[in-house]
Structures are given as C-alpha cells and as structure tokens.
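There are 2 protein chains.
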Amino acid sequence: MLATSHHTTETAQRRNLPALPPRTDDLTSSLPEGKSRVVSAKEHVYREGDPATHVYCVEAGHVCIYRVLPDGRRQIINFAYPGDFIGLGALREHAASALAGAKTRLKSFPVAGLHESARHDTTLGLRLYTAVSEQLAAAHDLLMTVSHRSASERLAAFLLALSRRNGRRGESECEIVLPMTRTDIADFLGLTIETVSRTFTKFRVEGLIDLEQCILVTIRDLEALGMAAGSGVPSEQQLKLAS
Amino acid sequence: MLATSHHTTETAQRRNLPALPPRTDDLTSSLPEGKSRVVSAKEHVYREGDPATHVYCVEAGHVCIYRVLPDGRRQIINFAYPGDFIGLGALREHAASALAGAKTRLKSFPVAGLHESARHDTTLGLRLYTAVSEQLAAAHDLLMTVSHRSASERLAAFLLALSRRNGRRGESECEIVLPMTRTDIADFLGLTIETVSRTFTKFRVEGLIDLEQCILVTIRDLEALGMAAGSGVPSEQQLKLAS
DNA sequence: AATCGATTGTGAGAGAGTGTAAGAAGTGCA
DNA sequence: TGCACTTCTTACACTCTCTCACAATCGATT
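First to last, the protein sequences are chains A and B.
Residue 1 is where the first sequence starts when you use my numbering, and the numbers rise one by one after that.
Residue 244 is where the second sequence starts when you use my numbering, and the numbers rise one by one after that.
It should be emphasised that the hints constitute simulated quantities derived from the structure, not laboratory data.
We treat Cβ as the ideally placed atom computed from N, Cα and C, and that holds for glycine.
A hint or two may mislead.
[Claimed, not checked] On the chain A side, residues computed to face chain B include the following (Cβ under 7 Å):
no., residue
1, Thr-122
2, Val-132
3, Leu-136
[Claimed, not checked] Output of the computed footprint for chain B on chain A, the stretches with three or more beta carbons under 8 Å from beta carbons of chain B:
no., segment
4, 71-78
5, 88-97
6, 139-150
Using the sequences and the accompanying hints, generate a full structural model.
Shown next as structure tokens:
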C-alpha cells in the first residue's frame with residue numbers, strides 16, 4: 001500500500017516465472033552521483049505543476065506526496081520513507097506535490113542526466129520502468145483500499161502495511177511509529193480525521209492495539225487486525241494484499 | 244481518469260519545460276512486430292497471478308482491467324480502448340486480471356523480446372517508462388475520484404473523462420457510447436449499481452444528460468456536468484483534472 | 001410473436017461516515 | 001512552570017450510500 005509494493009515480487013519468487021528487469025533497489029547504485037538536498041519540516045520538495053527537473057531518493061525523514069481537488073480536499077498518494085524514490089513518473093511537470101513531514105534529507109538526480117545516462121546504460125531505462133511499475137502497483141493497492149473498504153478496513157490495512165514495512169526493515173512489526181498526523185492519515189485513506197480517531201479508539205477498546213501516545217501504535221493482535229483489514233478473511237490471503 | 248492520461252503533457256505544452264522521453268504513441272512503432280490475438284467477449288486476456296509473459300495493445304474492442312478483494316468485491320482499474328496498452332507495469336506476474344468486454348483484437352508483444360530489444364534500442368526503456376508513468380497518472384486520477392468524491396461527482400467525472408477521450412479521437416464530445424455495463428461502471432467508481440442507476444436518472448431529470456438507451460449518453464450541458472464533477476468549481480480548473 | 005433470462009430502474013428502510021462543536025491532551029515557547 | 005496553540009478525542013444530529021425487494025426493460029431464442 002505504501003511506496004515500495006513488494007508483494008508481487010515476493011509471491012513471484014515462490015514460482016518459476018519469466019525474467020524481470022532489475023529491482024528498484026538497484027536504481028540508486030546505477031544512477032549518476034546525486035547531490036544532497038535538505039528540506040525542513042512542512043516545506044515542499046516540489047509542487048504540482050513545477051517542471052519535473054529532478055528525481056529524488058529519500059535518505060532521512062519522510063515526505064507526503066499529495067494532490068488537491070479544486071475545492072481543497074486533499075488526497076495523499078504516498079508516504080515516502082528513506083530508500084523510496086519520489087518524482088518518478090512525472091512527465092514534463094509534476095502532477096503531485098511533495099511535502100516534507102519532518103526535516104528530510106534527499107539525494108537529487110537531474111532528469112536530463114537520467115535521460116543522458118539511459119543512452120549509454122541500456123538497462124537504466126528498464127530500471128526506471130520497474131521502479132514506476134512498483135509505484136503503479138502501490139497506487140492500485142491504495143485504490144483497492146480506498147474504494148470499497150470501510151473505515152475499519154482502511155485503517156487496519158494501513159497499520160498492517162506499516163507493520164510489514166517495519167518487518168522488511170528489520171524493525172519491530174508490532175511497534176509502529178506514526179510520524180504523520182491524523183489529518184495526513186485521513187487524507188491518505190479518504191476518511192475524515194474524526195473517523196480515523198474514532199476507529200483508532202475502537203481498535204484500542206477491542207484490544208487490537210495499544211495507543212499510549214498518539215504517534216505510537218502497538219499491535220496487540222496482529223491476526224485480528226488482519227481480519228479487520230479484510231472483513232473476516234484468513235490472514236494468509238491478507239498478507240498477499242496488505243502491501 | 245482512463246488509460247491515456249494526457250492532461251499533464253497538455254498543460255506542459257503551454258509552458259517551456261524540460262525535455263521529455265518519447266510519447267506512448269511512439270511505443271507501438273518502436274516495438275518488434277507483434278502477433279494478433281483475438282479474444283471473445285467475457286473471456287480473459289490474462290488473470291491475476293498469471294506469469295507476465297506478454298504486453299498487449301488493444302486494436303479493437305475493449306478490455307476491463309480489474310482486481311478483486313478476497314471477499315469478492317471488485318475494483319475495475321481501467322477500461323482499455325483501442326490504442327491503449329495493457330499488461331504494462333506487471334513485474335513477474337500480473338497483479339490484475341484483464342477481461343474482454345466485447346470481442347477484442349489485440350497485438351501481443353513478448354516481454355522477453357521487449358527486454359532484448361531494450362538492449363539495442365536505448366530509447367525503448369524510456370518509452371516503456373513513459374508509458375507506465377502515464378498509467379500511474381491515470382491511477383492517481385482515479386484515486387482522486389474514488390476517494391473523496393460523492394456519487395454524483397464520480398459519475399460526472401467519469402462521463403467527462405469519456406467525453407474528453409472522444410474529443411481526442413475526433414469523435415463527438417457529447418454523444419458517449421457506454422460499452423460497459425452498469426455493474427462495470429459501479430465497480431470502476433466504487434459505487435453500487437443502484438447508485439449508478441439513480442445518479443444517471445438524477446442527471447437526466449436535472450437536464451444534464453439525455454439517456455434514451457442505457458448505453459448511449461448525450462451530454463446536454465457540459466458545463467453543468469463539469470460543476471457536478473467538482474462540486475461547484477469553474478470549468479477551467481475542471482478540465483485540468485477531469486481526465 | 002411469445003417466453004425466458006439478464007440487465008436496468010425505482011422505492012423504503014437501515015447503517016455507516018460526516019460535520020459541527022466542545023472538551024482533552026499534547027507541544028512549543030517564554 | 002505556566003500560557004498559548006495545535007492536535008487529538010468524543011458526542012450527537014444529519015446526510016448519503018448501501019441493502020433488500022420488486023418492477024420494468026431489453027435481447028436472444030424458440
């Protein structure tokens with residue numbers, strides 16, 4: 001559900017499937033050296049409509065990628081964490097805005113240089129293709145979550161996605177730090193801040209999570225949370241969908 | 244909102260912006276010759292979980308790209324029309340299913356051959372990158388529509404997207420043929436079939452559209468439909484967002 | 001032309017999420 | 001430590017969409 005949607009590759013590795021272009025992880029190493037850029041909290045990395053001159057890789061901090069409807073409603077498309085690329089997939093100009101949620105360090109890569117490098121490095125184009133494809137899969141995951149699911153399912157899926165992200169990084173799967181505000185979560189899941197808050201409380205009352213501070217979630221019952229995310233479906237199928 | 248999301252390039256052309264990789268339209272011509280494949284109505288081109296062996300370009304007919312939640316709820320991700328590519332962005336296996344909505348003719352391109360060609364044709368990788376990027380933009384558009392918008396706004400945005408698609412193809416912007424069923428529209432917009440039906444009726448009663456047959460929509464008041472899509476926002480901003 | 005099945009349209013009641021508003025908890029600053 | 005400000009939580013009335021039920025329409029087949 002978040003930026004790096006690995007579920008397709010994970011499931012694929014259990015079977016014998018056709019060759020695949022290089023992983024996104026390889027993208028950084030194959031890029032020409034990038035300059036560091038530091039952005040303060042609540043400062044934009046770029047805005048919707050800006051010329052897409054650079055692509056960035058988050059090194060520290062986190063960035064909200066969002067778009068706004070003309071009437072002000074905001075949809076957060078992704079929370080980019082360290083290791084995630086932002087600005088990929090922009091054509092001539094950025095279609096979304098990128099706002100640092102905290103002080104954030106990024107490596108920046110000029111798009112022009114990328115195109116130049118792609119002329120010599122024949123695999124770079126495919127690497128970029130793969131990277132955007134992963135973001136496309138993540139966007140579809142989010143679409144599934146937001147379109148048909150109830151508030152509880154959305155929040156549960158969100159927490160599970162963060163839990164699995166932690167797992168991939170070797171951090172605790174049960175202790176989740178939420179660096180984003182309730183408003184951010186609401187705008188990500190297509191809910192209101194009140195509903196997000198109510199649902200957190202509901203999960204706490206039901207014993208699914210602990211919530212001592214509002215930014216620290218402790219998952220008490222991972223399986224039950226999986227059930228909540230998928231309206232009573234076995235957790236194995238859940239895992240395939242959650243992120 | 245549908246497969247070919249051109250709004251970013253359209254708005255970009257009005258400014259002086261950095262160079263861009265080749266358009267998707269160029270993709271077909273730069274690919275090695277593809278075999279034709281014909282698929283009957285209600286037959287799958289591929290299913291979720293199938294090895295991603297081929298990429299297809301729709302030549303005639305139309306294809307629904309969809310994913311299903313474990314409990315059976317279905318989300319249509321895209322309606323692919325002639326000229327649209329499907330199967331792009333799949334990593335090792337398809338993350339979505341592709342179902343022909345009518346008898347459909349496709350050109351098929353083996354993924355292995357694509358990777359092979361990319362070794363020689365240095366721009367092919369970037370072309371693929373651009374093509375998936377357009378699909379990513381379309382997915383974000385759909386996400387915006389489905390997450391925060393009301394039933395009327397969703398349906399209005401949907402009709403406007405089809406209208407603009409017609410316009411790009413040199414067809415009538417006001418006479419829209421809906422080859423998909425009400426169920427398909429509902430599953431695309433994250434609504435129920437009843438709500439779709441009621442909203443169509445509401446638009447007809449309000450004089451926004453004519454609806455003599457259920458597959459033929461005639462837009463009577465394009466501007467009002469634009470307002471309905473964006474909850475009372477000037478149509479110029481609408482145009483930027485609608486597709 | 002008549003019949004059957006599938007699709008579409010309409011209505012009433014129930015449920016879920018929203019919006020407003022007020023209070024509680026947390027954060028930053030002097 | 002105390003104050004001001006922001007963020008989060010909770011309560012209640014309201015709106016919108018969904019669910020369920022049934023009627024109407026369309027198309028294909030006989």
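Hints numbered earlier in the text: which of these fail when held up against the supplied structure? Hints that this structure does not satisfy do not exist here, as all of them hold.
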